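The numbers in our numbering rise by one with no breaks, and the one at position 294 of the sequence shown is 385.
Quick caveat, the hints were computed from the structure, so don't treat them as lab data. None of these values were measured; they are calculated from a predicted model. One or more hints might be untrue.
Unchecked claim - In silico lysine-lysine, DSS-like type, Cα no more than 27 angstroms apart, as pairs:
no. : residue 1 : residue 2
1   : K396      : K386
2   : K210      : K198
3   : K411      : K147
4   : K153      : K224
5   : K147      : K304
6   : K304      : K93
7   : K139      : K268
8   : K210      : K182
9   : K147      : K93
10  : K139      : K182
11  : K139      : K401
12  : K411      : K396
13  : K147      : K198
14  : K144      : K94
15  : K93       : K144
16  : K94       : K364
17  : K401      : K103
18  : K386      : K401
19  : K358      : K304
20  : K411      : K401
21  : K210      : K103
22  : K364      : K144
23  : K139      : K94
24  : K304      : K210
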Amino acid sequence: MKKPQIGNLTLKGWAVLAPMAGICDLPYRVIVMEHGAAMTTTEMVSAKGLYYKNEKTEHMLKISDREHPVSIQLFGSDPDIMALGAREVEKAGADAVDINMGCPMQKIVRNGEGSALMKNVSLAADIVRAMVKAVFIPVTVKMRIGWDEESINCVELAQAVEEAGAAAITVHGRTRKEMYMGHAHWDVIRQVVDAVSIPVFGNGDVVDGPSAKRLMDETGCAGVAVGRAAWGNPWVFESINAYLENGTILPDPTPEERLDMAELHLKGLAAWKGEYVAVREMRAHASHYFHGLRKATELRRGIMKAQTEKEFIQLLHAYKEQFRCV
């Protein structure tokens with residue numbers, strides 16, 4: 092199978108990390124890259140925050156030498172401000188800049204951003220055009236299939252952003268109204284693939300190698316973007332690669348591997364954000380790492396009470412000894 096190409100950027104695999112707010116920070120992006128992700132994408136960054144030089148927003152532009160290729164995703168609705176943001180992304184060393192036209196959250200769409208841009212195709216195209224003129228790196232777009240079932244216009248939007256210069260498109264096969272419920276409409280993703288000549292990445296309901304292959308077979312996508320299935324499961328990228336390359340189904344990670352990865356993730360977060368923030372953010376990540384483990388509820392309960400990195404790690408080690416995961 093041919094590896095996807097985004098502008099002048101050739102990926103090493105077919106599965107990329109989809110952007111997820113509160114999840115795709117630098118420590119986790121490094122982890123998934125080291126487990127086979129073809130490209131990482133940051134959590135969405137406010138172009139307006141960059142315009143006003145917000146310190147917290149600027150910090151989100153930091154990337155690691157260990158995660159290339161990496162795309163930084165911007166959200167906003169002003170073409171000039173988005174162009175400025177794209178230049179900041181390029182200066183930060185990103186390999187691509189992605190435009191968020193898919194976020195369904197009310198705090199984003201009420202400002203005409205995220206998936207609300209799907210209701211204004213001409214503005215969406217203007218944003219792409221302004222950003223393409225501003226940078227040399229590829230500009231890509233992540234969208235949904237439409238605002239609701241009465242306004243499925245992803246084909247129209249895809250054609251418009253392609254004409255404006257977008258180098259690739261990712262389509263989440265749900266409407267904004269559907270949020271993350273139900274099944275992704277892969278048939279509609281297929282319509283986008285047939286309507287444009289640039290690479291299209293399918294997003295939605297990909298959880299392993301077989302589902303990635305089915306999506307690519309059914310839609311003709313160049314690759315897949317994996318979001319929620321990658322949370323606490325960086326091994327999903329290795330699994331997809333192995334299955335697409337030769338049909339191999341890799342074994343699930345062992346309990347020991349899950350616990351060790353949770354510890355590694357915690358240490359990365361602590362080094363990046365400090366112990367206090369890391370321990371509290373890791374509580375959400377940990378529940379995904381622990382999924383399916385024996386008496387995982389008790390382990391989660393202990394983790395929720397941990398106040399320090401040391402306490403957190405002690406709980407992981409105690410669990411491993413209790414269930415002989417060593």
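Verification of the hints:
no. : hint           : in the structure
1   : K396 with K386 : holds (17 angstroms)
2   : K210 with K198 : holds (16 angstroms)
3   : K411 with K147 : violated (37 angstroms)
4   : K153 with K224 : holds (23 angstroms)
5   : K147 with K304 : violated (39 angstroms)
6   : K304 with K93  : holds (13 angstroms)
7   : K139 with K268 : holds (26 angstroms)
8   : K210 with K182 : violated (31 angstroms)
9   : K147 with K93  : violated (39 angstroms)
10  : K139 with K182 : holds (17 angstroms)
11  : K139 with K401 : violated (38 angstroms)
12  : K411 with K396 : holds (18 angstroms)
13  : K147 with K198 : holds (18 angstroms)
14  : K144 with K94  : violated (37 angstroms)
15  : K93 with K144  : violated (41 angstroms)
16  : K94 with K364  : violated (35 angstroms)
17  : K401 with K103 : violated (37 angstroms)
18  : K386 with K401 : holds (21 angstroms)
19  : K358 with K304 : violated (34 angstroms)
20  : K411 with K401 : holds (15 angstroms)
21  : K210 with K103 : violated (34 angstroms)
22  : K364 with K144 : holds (20 angstroms)
23  : K139 with K94  : violated (34 angstroms)
24  : K304 with K210 : violated (31 angstroms)
Figure legend: structure checked against the earlier numbered hints; hints not met, in rising order: 3, 5, 8, 9, 11, 14, 15, 16, 17, 19, 21, 23 and 24.
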